Amino acid sequence: MELDSKCPTGPIETRWERHRFNLKLVNPANKRKYTVIVVGTGLAGGSTAATLGELGYNVECFCFQDSPRRAHSIAAQGGINAAKNYHNDGDSVYRLFYDTVKGGDFRARESNVYRLAAISLDIIDQCVAQGVPFAREYSGYLDNRSFGGAQVSRTFYARGQTGQQLLLGAYQALERQIGTGMVKMHPRSEMLDLIVIDGRARGIVTRDLLTGKVESHIADAVVLGTGGYGNVFYLSTNAKGCNATAIWRAHKRGALFANPCFTQIHPTCIPVSGEYQSKLTLMSESLRNDGRIWVPLKKGDKRKASEIPEAERDYFLERKYPSFGNLVPRDVASRNAKAVCDEGRGVGETGLAVYLDLRDSIARLGKNVIKERYGNLIDMYNRITGEDPYQAPMRIFPASHYTMGGLWVDYNLMSNIPGLYVIGEANFSDHGANRLGASALMQGLADGYFVLPNTIGDYLASNKFPKVEASNPAARQAEQEVAAITQRLLGAKGTRSVDACHRELGKLLWEDCGMGRTAQGLKHALSQIPEMRERFWKDVKVLGTGEELNQSLEKAGRVADFFELAELMCLDALERNESCGGHFREEYQTPEGEAARDDEHYSYAAAWEFRGVGNAPVLHKEPLTFDYVHPSQRSYK
Amino acid sequence: MRITLHIWRQRNASDKGRMVRYELPNVSEHMSFLEMLDVLNEELITKGEDPVAFDHDCREGICGMCGCMVNGVAHGPLPETTLCQLHMRHFKDGDELYLEPWRAKAFPVVKDLVVDRTAFDRIIAAGGFISVATGSAPDGNAVLVPKDNAERSMDAAACIGCGACVAMCPNASASLFVSAKIAHLGLLPQGQPERERRVTAMVAQANQEIFGSCTNMGECEAVCPKGIKLENIALMNRHFLGANWAGREGVEAD
Ligand SMILES: Cc1cc2nc3c(=O)[nH]c(=O)nc-3n(C[C@H](O)[C@H](O)[C@H](O)COP(=O)(O)OP(=O)(O)OC[C@H]3O[C@@H](n4cnc5c(N)ncnc54)[C@H](O)[C@@H]3O)c2cc1C
Ligand code: SF4
Ligand code: FES
Chain A
0 MELDSKCPTG PIETRWERHR FNLKLVNPAN KRKYTVIVVG TGLAGGSTAA
50 TLGELGYNVE CFCFQDSPRR AHSIAAQGGI NAAKNYHNDG DSVYRLFYDT
100 VKGGDFRARE SNVYRLAAIS LDIIDQCVAQ GVPFAREYSG YLDNRSFGGA
150 QVSRTFYARG QTGQQLLLGA YQALERQIGT GMVKMHPRSE MLDLIVIDGR
200 ARGIVTRDLL TGKVESHIAD AVVLGTGGYG NVFYLSTNAK GCNATAIWRA
250 HKRGALFANP CFTQIHPTCI PVSGEYQSKL TLMSESLRND GRIWVPLKKG
300 DKRKASEIPE AERDYFLERK YPSFGNLVPR DVASRNAKAV CDEGRGVGET
350 GLAVYLDLRD SIARLGKNVI KERYGNLIDM YNRITGEDPY QAPMRIFPAS
400 HYTMGGLWVD YNLMSNIPGL YVIGEANFSD HGANRLGASA LMQGLADGYF
450 VLPNTIGDYL ASNKFPKVEA SNPAARQAEQ EVAAITQRLL GAKGTRSVDA
500 CHRELGKLLW EDCGMGRTAQ GLKHALSQIP EMRERFWKDV KVLGTGEELN
550 QSLEKAGRVA DFFELAELMC LDALERNESC GGHFREEYQT PEGEAARDDE
600 HYSYAAAWEF RGVGNAPVLH KEPLTFDYVH PSQRSYK
Chain B
0 MRITLHIWRQ RNASDKGRMV RYELPNVSEH MSFLEMLDVL NEELITKGED
50 PVAFDHDCRE GICGMCGCMV NGVAHGPLPE TTLCQLHMRH FKDGDELYLE
100 PWRAKAFPVV KDLVVDRTAF DRIIAAGGFI SVATGSAPDG NAVLVPKDNA
150 ERSMDAAACI GCGACVAMCP NASASLFVSA KIAHLGLLPQ GQPERERRVT
200 AMVAQANQEI FGSCTNMGEC EAVCPKGIKL ENIALMNRHF LGANWAGREG
250 VEAD
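Which chain is which? The protein sequence lines are A and B, in order.
Each residue of the first sequence is one higher than the one before, starting from 0 at the first, in numbering that gives the first Met the number 0.
Each residue of the second sequence is one higher than the one before, starting from 0 at the first, in numbering that gives the first Met the number 0.
To be clear, the hints were calculated from the coordinates, so they are not data collected in a lab.
What you are looking at is a predicted structure, and each value in this text was computed from that prediction instead of being measured.
All residues carry an ideal CB built from backbone N, CA and C; glycine is no exception.
Treat the hints with care, since some could be wrong.
Partner residues aside, some chain B positions facing chain A, computed with beta carbon under 10 Å [to be verified]: (1) HIS5; (2) ALA52; (3) VAL114; (4) ARG121; (5) SER130; (6) ALA136; (7) ARG151; (8) ALA156; (9) LEU187; (10) LEU234; (11) ASN236; (12) HIS238.
Generate coordinates for the entire structure from the input sequences, incorporating the hints supplied.
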């Protein structure tokens with residue numbers, strides 16, 4: 000299979016403009032004759048469904064929550080990047096482009112990233128006009144902050160609720176289109192299969208989560224904005240419902256899955272407190288601006304933090320990275336925290352945590368300043384742990400947070416299945432091997448408001464769409480397969496709950512395919528997962544029926560897919576004999592313990608083709624070339 | 000600690016429903032309220048009993064999906080805290096807790112603690128937006144917003160659409176929810192052109208959805224997990240009167 004990225008060539012500054020000019024347009028009067036399915040109402044799906052509705056397309060939109068406003072994007076805290084250079088601090092589209100390619104450790108396409116950086120400007124304008132209450136200065140101008148180690152202030156924010164406010168903007172635009180009848184919304188509907196007819200994506204099969212009704216929906220194109228798969232680890236910062244089912248089932252119908260092993264572990268989360276733990280809560284990494292990270296020098300030191308004298312503390316990030324200190328990138332901070340815990344120097348009851356200490360900043364700046372800066376976060380920590388960070392250091396530990404991998408798409412955001420588009424966290428496109436802070440929101444909205452509504456028109460205008468009935472054999476077949484999965488899950492009548500099975504998978508994956516990976520560990524996981532998966536199908540216990548609201552059944556279907564995806568992640572990680580971004584193979588590190596990339600052999604996106612459960616998938620490589628930003632070793636010493 | 004739960008069990012919309020008692024002998028104080036329900040459900044599944052259905056997603060107090068009445072109080076006893084953020088350390092050994100779904104005509108029960116809140120979406124669809132098509136916006140700094148307005152707008156925009164205000168209101172009024180959106184958009188310069196249409200359309204839709212009317216009881220404000228203030232309702236009423244007045248004068252053409 001030839002992977003054609005359709006990336007334009009020539010000067011990077013005008014690639015998107017020239018490409019857009021060459022796209023065919025759909026006659027305005029004809030737009031309503033086309034039906035587009037949009038699955039997902041997060042920043043990506045919500046913004047695209049609204050925009051396609053405005054343009055005049057007939058849109059059918061789906062989400063599994065009770066309302067489109069509840070998509071996981073709502074939980075993003077920190078902010079959204081845009082190269083506005085409102086602060087005259089040297090920012091530019093080119094700099095944002097440069098930072099993103101470098102931050103992604105040279106595993107993303109330059110063309111895509113440049114377009115993302117350029118569109119970032121329009122996003123802010125659009126959101127302000129929608130009424131997103133961004134933070135302002137006294138003058139009434141938009142405020143910015145620097146975020147995630149960036150050297151310029153380009154992050155726009157709405158208190159600690161940026162994702163919420165951006166999503167409400169998209170949601171309100173979407174509701175406006177629902178009100179006019181341009182978009183038909185199907186909440187509490189889960190996509191469980193993709194309908195492919197004559198090689199093109201022509202619809203989806205859904206299950207109505209309230210009645211259990213399995214149904215086909217036919218369209219001329221299908222857009223997936225269904226988010227990331229970080230929940231494969233069971234414990235993550237993602238919302239409980241986040242899942243890979245939509246993209247995984249599309250993968251099983253032929254869509255290539257790219258770079259599944261590129262996952263991001265966030266360093267500052269509240270650690271696990273017990274076996275019942277259901278999710279991990281992210282603490283904004285802005286805390287690292289004023290918090291010092293440390294563990295005791297001695298192994299197994301069980302004294303209270305306040306009883307450990309200065310000389311017996313190890314501020315390990317400051318020690319190892321004197322120039323960046325506590326502000327090293329996410330992957331570096333996470334790995335180092337794990338390393339000290341592996342040495343037996345972790346703190347707290349489980350030994351799986353490090354301290355983040357505000358003591359010195361409080362002494363230097365006063366409690367009030369710290370409260371002003373981090374009051375919300377400190378309250379949140381206090382609410383969850385019952386401890387007071389003004390008195391004793393916080394305990395933090397890394398957790399699965401974001402997935403850079405996803406379905407392979409070309410420059411038009413179309414997968415290798417014609418008519419199937421993938422946007423937002425669900426695709427693999429713009430972040431390479433590591434995503435920078437405040438860039439996921441930017442990508443979701445760039446894809447949804449500005450890229451896809453342009454590129455999809457070209458596909459619709461260039462093709463003929465023979466009429467398809469919902470009774471089409473391919474649709475019927477897909478419906479039957481979905482019903483069969485439900486029956487199999489309900490029929491297993493085993494002894495273990497879905498969560499118990501998922502927790503087991505998550506632990507294995509965290510150990511062997513988490514922050515540090517080795518060939519040996521990955522082979523171990525690859526030998527365990529098929530057995531675990533079989534045990535799941537035999538021994539899972541799902542009560543109730545398929546014809547009612549059945550939350551265990553919903554979960555079971557998603558976990559079944561995680562069992563298959565987990566195997567592909569390990570395979571991809573094993574195949575990539577280098578370290579880059581969030582993918583750290585312990586065998587491949589520099590003498591200083593930093594990630595050692597191998598550009599000569601691994602400068603490509605790995606796009607996997609499904610060949611049946613238990614069969615080896617086929618790897619297709621899309622080579623990456625860098626005309627502007629030349630690959631270099633990251634260094635934070 | 001030991002907790003006794005009495006939970007509303009209702010198979011579906013047509014089932015009558017009843018309270019059922021469950022004993023949890025070993026609740027950790029570090030658990031969140033929903034994690035306690037997870038543990039209960041694991042046990043029920045092991046015993047072959049149908050687990051309790053409850054809505055949730057983010058478990059960070061931001062998606063607005065969770066919530067039920069705990070001893071008659073929406074989201075339980077802790078102020079400005081959603082059910083998912085409520086931890087068991089705020090309860091005592093031996094406590095008996097009564098869990099019921101939101102009760103309001105406009106929020107029919109779907110199953111157990113799950114209700115249908117789509118009426119809220121229809122209220123937003125009626126007018127809770129600024130009509131700006133993608134691509135038509137001027138530069139972000141072209142229209143300045145006084146910091147105070149931006150802050151007050153943000154206070155109101157923090158509403159998570161959970162429905163606790165309706166559940167707690169003796170009239171099942173949606174006024175706090177509706178007014179939060181009116182204030183969020185109405186306090187910004189970008190929201191001015193549609194101010195009158197918005198309030199008229201949203202209030203009309205809320206009435207159609209059989210929410211009750213507001214008699215200033217203030218129960219909503221007391222349970223709102225996001226601290227949405229009653230003053231938003233006053234602002235909404237002002238906008239509403241203004242809009243009606245304008246309508247009578249024939250100024251509002253629409
Ligand atoms: C705690 C946290 C904080 C974050 N903070 C930031 C930040 O500050 N800045 C930043 O840039 N990024 C941040 N991120 C990342 C960012 O929030 C996400 O990457 C982004 O919001 C994803 O948006 P999305 O539209 O792709 O998907 P989502 O918002 O996850 O939406 C997925 C949608 O798909 C639907 N869906 C999924 N599967 C199905 C199915 N099978 N059938 C039907 N519907 C389905 C869901 O209902 C939902 O509507 C954060 C992430 C987390 C977890
Ligand atoms: S006003 Fe408060 S209680 Fe009502 S829906 Fe909004 S957040 Fe919930
Ligand atoms: S689960 Fe999202 S607010 Fe409680």
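Results for each hint:
1. HIS5: This interface hint is violated because 21 Å lies over the 10 Å limit.
2. ALA52: Hint on B/ALA52: holds, closest Cβ of chain A at ~6 Å, below 10 Å.
3. VAL114: With a minimum Cβ separation of about 9 Å from chain A (threshold 10 Å), the hint on B/VAL114 holds.
4. ARG121: 8 Å, holds
5. SER130: Hint holds; B/SER130 Cβ to chain A Cβ min 6 Å, cut 10 Å.
6. ALA136: Holds, about 4 Å.
7. ARG151: 9 Å, holds
8. ALA156: 5 Å, holds
9. LEU187: Hint on B/LEU187: holds, closest Cβ of chain A at ~5 Å, below 10 Å.
10. LEU234: Violated - the Cβ of B/LEU234 stays beyond 10 Å from chain A, reaching only about 15 Å at its closest.
11. ASN236: Not OK, violated: B/ASN236 not within 10 Å of chain A, min 21 Å.
12. HIS238: Nearest chain A Cβ about 15 Å off; hint violated.
When each numbered hint is compared with the structure, violations occur for hints 1, 10, 11 and 12.
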